[in-house]
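2 protein chains.
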Amino acid sequence: MKIETLRWAGNKLEMIDQRILPAAFEYSSYDSAASVADGIRSMVVRGAPAIGVAAAYGVALEALRLQGAFTTAFESGMEAGFTVLAQSRPTAVNLFWGLERMRRVWGSMAGQDNAAVARRLLDEAHEIRSEDIRINRAMGAFGAELLPDGARVLTHCNAGALATAGHGTALGILRSAVEAGKKISVIADETRPFLQGARLTAWEMVQENIPVTLITDNMAGFMMSRGEVDAVVVGTDRVAANGDVANKIGTYMVAVLARRHGIPFYVACPLSTIDLAVRDGAAIPIEERSAEEVTGFRDAQWAAKGVKVRNPAFDITPAELVTALVTEKGVVNRPNRENIAGLFRS
Amino acid sequence: MKIETLRWAGNKLEMIDQRILPAAFEYSSYDSAASVADGIRSMVVRGAPAIGVAAAYGVALEALRLQGAFTTAFESGMEAGFTVLAQSRPTAVNLFWGLERMRRVWGSMAGQDNAAVARRLLDEAHEIRSEDIRINRAMGAFGAELLPDGARVLTHCNAGALATAGHGTALGILRSAVEAGKKISVIADETRPFLQGARLTAWEMVQENIPVTLITDNMAGFMMSRGEVDAVVVGTDRVAANGDVANKIGTYMVAVLARRHGIPFYVACPLSTIDLAVRDGAAIPIEERSAEEVTGFRDAQWAAKGVKVRNPAFDITPAELVTALVTEKGVVNRPNRENIAGLFRS
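Chains as they are written, first to last, in the working numbering: chain A, 2 to 347; chain B, 2 to 347.
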């Protein structure tokens, strides 16, 4: 089964509702910037690359929705659409990258009629979506070479097809390794509080018969100490200019443990996730989400009443703990300011 | 509110059912070794010291139950009782310590009638229970001195009143520090999969108005990296002769992170938890529990169908990561084979 995280159907954007997976597999449909922003905020769609693609469609949908309006109304409506999308989630830079790219296209269409602008923006959203899959395939090919045959690979959260337009970043590397004939088994951290590992990564791997073992997040150290992990591969929501990596909360702990046990720690990172405007990890905004995610899961609420809660959704892994970034342009060993800048010069 | 984890009432043992806390606060009642073993296995009662006390009562209950039998039936029944209790859980050494102590008392009563033996065993169980609270108070006093005023203390799992006969080991140290007039705030790891932190530690602290903040297990590194943790205090299920510490799964990861951030890592450890017969952590048996604990919580099951699961209930923190053991005989800095042996000589 090929997973289509986002698809265009009937002049609407449809997205798999990832909040209810794996119990139910359903598409929700979106027809405006505000509705897409809602879908991003509520995590119908999540994963940095998928958020970037969704935001691009959000802009195109807004243009389609407003194309009958007068020019001034169209322009102010579009600005409002960009704003609501930009405010949906703060950490994944692909969101801003996608919006910026759509804004440039819009800017290049000055003087043309609304309908032509809307068509062009929709084409660009389609292109961003297709590009994302091509990029994931390229990263997959580079990353697959890093994994030995028989590798037992630990991953955190879901950087799979569901986090992208398809194939996945971290899981894309595993898929490409399997396609290349390597025997790969996956250890999936469940990834509290939203349980992307238990629900999404496990589901993707089971769909494709790639052996997958689920653990709670606090078992990763045990597995490493027993020699049961050969490599770690994760995705990222934003990489700073110096190579510091923002990714799902808990990634930092995995990286520290991997270093202690001499296990390579790879980050699958399309260039669109690198933010040269951010000097280091300390400058990356970390989203704090609601307490109810930590005191339980969905309707099951188990924590003692009256307890305070922290819920940072991401953490920062310093570049020194990263063995390599895997990009669509190749593998960047021991990432630093210089070799990252080099990616954008070549 | 004083928490009585285990109490004697109407010639039965009553234990708070910790599986349903904090949604419900209820005692379950036990009248035989087999029923107590069931209560231990199903985690009605958990925490190494509490398991030791429960096992002692299990032996006493079996003697009371069988006191009307002929001597040979009494003896074989008692042996069966010891066996079923010993098989209830493998990692906490207090279980075996409690059983051994009861066996010695039984052995000292050779030739006396069953009723006298049963009375004496019940007295011993009562004494073990009282002793446990006295020991926790002594550890608390020693441990409280290690914590600076205003300390933000991270703890993992529940080593509280609920894990003991009362006061607690790790949480006992925090309680004693608060009683000594120090301002202490607690950061509680939720402790998947059984959620002892979210359910039990948070509940105990809320009861006593000690400020407590709940995080998921994978947030501990984030909190440390932001300078929001001043010390870690945990309990233990078994300490090897060299100072390696078995404790709830995830403890090892916290210890590695604490070392990286220069944060002291303290282990509250009554002498009954030290197992001189075990040379190092590698020789401590690690219980693996059922998959359903990891694929969800209680009736809420969220993981993808078909995923394999690992569920080790404990991990090993090597002695080198332990800043100090806090025992009822004092603080053992940088635990090793020599200073641990010294505890039993003095």
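Rather than coming from a laboratory, the hints here were simulated on the basis of the structure. Remember, it's a predicted structure, so these values are computed and weren't measured experimentally. Don't take each hint at face value.
Copies of the same chain are indistinguishable here, so a pair counts whether it falls within one copy or spans any two.
Said to hold, decoys possible - Straight-line distance between alpha carbons at most 16 Å, and here's what the computed EDC-like set of lysine to aspartate or glutamate pairs gives:
1) 3 to 27
2) 13 to 32
3) 309 to 289
4) 306 to 32
5) 309 to 231
6) 183 to 27
7) 184 to 114
8) 3 to 125
9) 306 to 209
10) 309 to 114
11) 309 to 32
12) 183 to 101
13) 309 to 293
14) 3 to 293
15) 309 to 209
16) 309 to 15
17) 184 to 5
18) 306 to 229
19) 13 to 229
20) 306 to 76
21) 309 to 276
22) 330 to 39
- Message: Are any of the numbered hints broken by this structure? If so, which, sorted upward?
- Response: Hints 4, 5, 6, 7, 8, 10, 11, 12, 14, 16, 17, 18, 19, 20, 21 and 22 not satisfied by this model.
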